[in-house]
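Student: The chain contents come next:
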Amino acid sequence: MVEKTLVVRMPQGLHARPATQFIKISQTFQSSIQVCKAAHCVDGKSILGLMSLAVANEESITLKIDGTDEKVALETLERLLTEGVS
Amino acid sequence: MSIFIQGTVASNGYALAEAMIYRGIEFELQAHEIKNTPTELHRLDEAIATSIQQVTALRNQTLESLGSQEADIFEAHIYLLQDPEFIGAIKNLIETQHVHAEFCVSKVTLQYMQLFEGMIDDYMKQRGSDLRDIGQRIIANLRKEPYGLTSLLQIPIILVARELSPSDTIRLDLRHVKGFITEEGGQTSHSAIMARSRGIPAVVGLSNLLENIHEGDLLLLDGVAGTVMINPTYEEQNDFEQRVRDFENERVGLMELKNMSSTTSDKHSIELAANISGLADLPSVIEQGAEGIGLFRTEFLFMNRTSLPDEEEQFEVYRQVAERMTGRPIIIRTFDIGGDKQLDYLDLPYEDNPFLGYRAIRISLDRPELFKTQLRAILRASHYGNIRIMYPMIATVEEVRLANQMCAEVKQDLIQQGIPFHPQIEVGIMIEIPAAALLANQLAKEVDFFSLGTNDLIQYMMACDRMNPHVSNLYQPFHPSILTIIKQVIEAAHQSGKWVGVCGEMASDPLAAQLLIGMGIDELSMNASQILPIRRMIRTTSFTQLQQIVKTSLSYATSDEVKAHLHAEFAKLQKNVN
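Here the protein sequences come in this chain order: B and G.
Residues in the first sequence are numbered from 10 upward in steps of one, following this note's numbering.
Residues in the second sequence are numbered from 486 upward in steps of one, following this note's numbering.
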């Protein structure tokens, strides 16, 4: 299990199109992925879950990833969230 | 007297036919306890699997018949039907509460719908209606009932519903549907757009519709006034038929003016042009006898898609418009993106005050690669017709100079590459920001023409959002300050030998149009359907008289006083004519 708190740098925040991008990537990993804002955690493979968090630009969120490919998953998703590249 | 309901016009026309009520699938808000939880979960899994199959088939069918943009709606539905949070929450409710699946689907769907409908972002709001569609489909499959309107209609009907979703209408045989009326929805709702594209009358936002209408009731749908009458009397039917005939006669009478000039009785000519958003608007522009295009809103080429249109794609559209307008002038306004017109693929930042923010020419000057691509496409198309360029949202002289400099650079590139364009292409600006209006005498030195965007000019002058019902009463086209500033702009342009048009809604309001003409406006641009009525008005008025009326109209303190004066003056003229 790996865990990291980071500040999202996406001009529109993590909703709509960026959220789709996020789950398209997260669903390729075997590991379970949780995205938490404050105390509220959602399934990082769910578009509805992610959009319901309504994460704005420069807000901090925590990724909790557990599974065989957890390290690669964390690196890839962090890059997407902070640099906008996948 | 029969029951009469007032709504909002979504698509023009008249219809008289029986009501067919479509209730769709209602959500189940009453929970029933169940004994066998695994069986219930299995029933849910089967219903979801069937739903995915159905939506996949719909997507493929839509892809063939309507194209990828419409099919994308169903693509998103497939994603949502497999969503772990959504489906997980439904399953969790069955497992922990031991209640029937229809209730759990309803409850979770409504929860998420509320969440999305409460969001600020328009895109997110629309996701609420997608969820409703999916939730209702799962419930229909749980009940093993058909979902969506599939029945073959035998007689002409008017379709009555709370709201129609894409799934409802996609397979509907429209030959017998004479009109739509719905309780919910606005002019941009799915059913409204579909009704317009098929040329069927539609009225939306009719409150208490389903309570008042029964299957088989005779309905009079007036898609001009936005009303529905239930079970009309004989007299009311006759009266309605008379209205339909008048509508037709009026149309025929106006069509006689199609090829006539827009000239007053004392030989003063105005150019009457049309506003368009794309190639789809051209047939009605030509049919309604427009003398040109006064505003081509190019941002619509950039919207509802996943990437920017490249130079070739833009060039192709502009060239076709140029060729089909056969020498008549076309004003192409460079994109007015930003504000309320967001583009996902540009990742524009969220703004608290989008109407005072990063939009239109401000983005163009900041992102030369986008702007120059568009200018290049427009300039290339200018070789094929009478094209003019117009910059939106100009506030300062520097902006015009910088835009013109970029335009000059693009021209230089085209010359070096030997690509033809119209070297003396006219360039103008929108006057919609008060600062620009007040500085019109300076701006006139930099451009060939002005076009007054009165909708935004009024909003910026009065500091009021006309869509906000709390302040929309301040949106006053006849406010003395508005009339004064418009007159100043026209005079400043004429002093420099430049011409001025209006492309806001004032251009098609008969009272305002007469004032504008009296002030010396050179061009009026409006929706194509308004051109012939305005032309008829112009042909029966006298320019000298309108000039007189303008002189006496600017000495009042309030909008109501100005309007009262105008009505009195025009009534006097009418009397003299008779």
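Worth flagging that the hints you see were computed from the coordinates, not collected in a lab.
As the structure is a prediction and not an experimental result, all values here were calculated from the model.
Among the hints, a few may not be true.
[To be verified] Short derived list, chain G residues pointing at chain B, Cβ under 10 Å:
1) Tyr597
2) Leu600
3) Phe601
4) Met604
5) Pro641
6) Tyr719
7) Lys1057
C-beta atoms are modelled at their ideal positions from N, C-alpha and C, and glycine is treated no differently.
Student: Against this structure, judge whether each hint is valid.
Tutor: Do the hints match the structure? See the list:
no., hint, in the structure
1, Tyr597, "holds, 6 Å"
2, Leu600, "holds, 6 Å"
3, Phe601, "holds, 8 Å"
4, Met604, "holds, 7 Å"
5, Pro641, "violated, 41 Å"
6, Tyr719, "violated, 54 Å"
7, Lys1057, "violated, 57 Å"
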